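Heads up: the protein sequence lines correspond to chains E and B, in order. Be aware that the first sequence starts at 7, since it is given in my numbering, and climbs by one per residue. Be aware that the second sequence starts at 46, since it is given in my numbering, and climbs by one per residue.
Derived by calculation from the structure, the hints in this document are not laboratory data. Note that this is a predicted model, so its numbers are computed, not measured. Hints are supplied without guarantee of correctness; some may be wrong.
[As the list claims (entries may be wrong)] One-sided and incomplete, this derived list gives chain E residues near chain B with beta-carbon spacing under 10 Å:
1. 8
2. 13
3. 131
4. 153
5. 212
6. 216
7. 220
8. 418
We put the beta carbon where it would ideally sit given N, CA and C, even for glycine.
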Amino acid sequence: MNKTFLIIKREFLVRVKKKSFIIMTLLAPILMASLIIVPVLVTDSGQQKRLIGIYENTTSFAKEIEDSENIHFTVFDDMQMDEFIKDPEGSNYYALLKIENDSYSIYSNQQVGLNLRKSIEKQLEQISERNKLKQAGINLDIIEQAKTNINIETKIITSEGNTTSSSTEASIGIGFITGILIYMFIFMYGTMVMRGVIEEKTNRIVEIIISSVKPFQLMIGKILGVALVGLTQFILWIVLTIIISSIAEIIFFDTTEITNNLDSVDQSVILNEFTRLTGGINLMLIFVSFLFYFLFGYLMYSALFAAVGSAVDAEADTQQFMLPITIPLIFSFILIQPVMDNPDGILAFWLSIIPLTSPIIMMARLPFGVESWQLLLSMILLILGFIFTTFIAGKIYRTGILMYGKKISYKELWKWLTYKG
Amino acid sequence: MKDILLSAENVVKKYGDYTALDNANISVPKSSIYGLLGPNGAGKTTLMRIINQITAPDSGKVTFEGKTLNKKHIKEIGYLPEERGLYKKMKVGEQALYLAQLKGMSYNEAIQKLRIWFERLEISSWWNKKVEELSKGMAQKIQFVVTVIHQPKLLIFDEPFSGFDPINASIIRDEIINLRNNGTTIIFSTHRMESVEEICDHIALINNSKTILEGPIEKIKNDFKDDSYEIILDTNHLTTSESFNIVSNLENKFNIKINDSSEIRDILNFINKNHNIISFKKNLATIEDIFIKSVGK
């Protein structure tokens with residue numbers, strides 16, 4: 007046991023110390039954080055306080071146009087307009103809105119933002135519309151009352167007889183993301199295990215090591231070491247994403263005092279919306295299941311990846327054996343969509359029970375609600391699947407790592423399975 | 046006879062239809078250097094893997110100090126395989142420590158012993174180098190250290206000198222002899238027959254999955270002696286008698302075989318009477334001759 011621990015430690019440290027690991031671990035959260043921060047930042051920069059002058063001769067929009075949080079309108083006379091056009095930089099005003107009959111134009115010394123233009127256009131359209139309706143003799147109150155907004159709330163009746171509201175969009179989103187993450191992780195770390203086995207074999211260090219430990223210890227040590235690498239990376243990603251985005255938030259948003267107040271309101275709105283959307287989804291269950299399916303899905307597949315690595319002399323030769331491993335993975339990946347279209351269908355049920363496809367498919371099903379006996383059965387079968395593949399892989403591995411220069415066929419692999427100790 | 050450290054009795058190992066070892070028998074005395082000889086594919090590596098418990102025999106018995114071989118014996122055995130390598134990206138010291146700890150040494154013990162060996166072989170400056178920066182011969186030295194570091198009772202070297210230049214090969218040979226003198230038992234397999242004669246006390250010859258010869262080297266050599274002598278004269282002619290035959294002749298060099306009833310002293314006197322003898326010596330069977338003769342049979 008002590009020796010297996012030594013192997014796990016080496017496999018873990020060697021990979022964690024690699025430059026590529028450090029770069030990946032740091033870069034991904036920065037990317038994630040920027041995905042969160044940048045859109046907010048972009049909309050926020052449009053919220054700078056703007057002063058805009060309105061010049062009109064025949065119309066009277068200025069009376070009705072309303073200031074918003076960030077846009078303040080002032081009526082310009084001829085002199086102010088001339089002054090602004092002559093020297094826009096020296097002026098306090100950001101832009102000039104000029105309305106002549108049916109022609110609307112905005113003047114500025116810089117490119118006027120799309121958001122600003124759109125919001126002014128919208129106001130002008132509304133004012134113009136209202137005026138036209140009034141002229142036609144229509145009571146605006148009736149139109150106001152006729153406006154209806156309908157949102158269908160989906161409710162799920164749980165086994166306890168309670169109802170919870172849920173959002174299909176949120177379920178689809180969570181199902182997709184977790185399913186795809188598991189697919190990616192299994193491939194990434196499974197290949198990592200396979201490369202490690204091939205490296206030991208081509209290095210010829212493997213015989214030195216297995217004169218001290220059992221081949222099975224070496225294999226399982228490698229698999230668990232890489233699993234720890236995966237978990238470390240995953241946890242670091244989450245922690246770093248949170249840290250980076252909160253630091254970025256402080257840097258970018260705290261300085262603009264005007265929006266500070268607004269932001270907190272906005273955030274709580276976002277938070278409220280998030281809790282509303284995910285209200286019917288048991289997020290804790292999904293998180294725990296994600297860790298479970300990630301870990302055991304990886305463990306089951308990586309044993310097979312290790313067996314493939316042991317049977318070949320170079321990575322280029324792995325293709326023929328990779329096929330049976332990649333098919334169920336790609337198959338489940340493709341079937342995420344159909345499964346989510348009918349998350350309680352017979353296809354979804356079986357695919358989420360069978361160990362080879364369950365890690366991905368069950369994650370896709372979970373946000374829609376899965377009966378606990380199904381989840382439990384799927385988990386137990388996955389653990390059994392892991393024990394089974396590890397047993398098979400161990401037998402192939404044991405013979406494979408000592409075989410050199412031989413083209414291995416499936417028939418040969420089958421023979422290895424039957425060799426004695 | 047000395048105490049037997051390791052013995053294998055009727056060991057059979059099959060891979061599918063292929064028989065790698067067929068009733069192999071060896072017994073390795075304590076504090077000896079035991080040469081395991083045989084042509085390629087004879088089953089030497091399989092036997093060594095069985096002793097190292099990398100694979101298990103299908104039938105037969107292997108005992109270590111009189112007890113059936115088991116997992117506890119792993120730390121008593123050091124193995125330097127023929128196909129050997131190290132992790133290329135790992136630092137030398139780190140890697141040596143790892144491999145020593147896998148043999149069951151504690152961290153402190155390993156680091157202390159490694160320092161001593163590294164100084165002794167004058168390779169201390171490599172401690173922080175990556176293995177990929179070393180030459181093949183340098184890496185071999187490290188593998189040697191890693192094999193012997195945990196002071197096992199039995200050391201198994203498969204082709205230990207391959208990859209070494211003559212200077213380093215002699216350093217390693219001296220270290221092997223030194224280990225034997227300090228009580229370690231060594232099994233070693235090689236194709237280089239001159240190194241067998243130089244350092245081995247016992248040999249076993251494996252051919253076609255079977256041990257065909259086994260025993261102390263002097264006894265085997267004696268078994269293969271054939272009462273032939275080499276004579277060099279000052280002429281190209283040798284007068285013969287009934288008591289011996291000329292087996293071969295090249296100018297003034299003759300190989301003769303004496304007849305069973307004759308005494309070598311009489312023959313020598315007889316030749317001495319007729320010719321001037323430049324040299325006269327008994328032909329001893331070399332291991333190479335024995336090897337070729339036995340395998341060729």
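**Report entry** Indices of hints not satisfied (ascending)
**Finding:** 3 and 4
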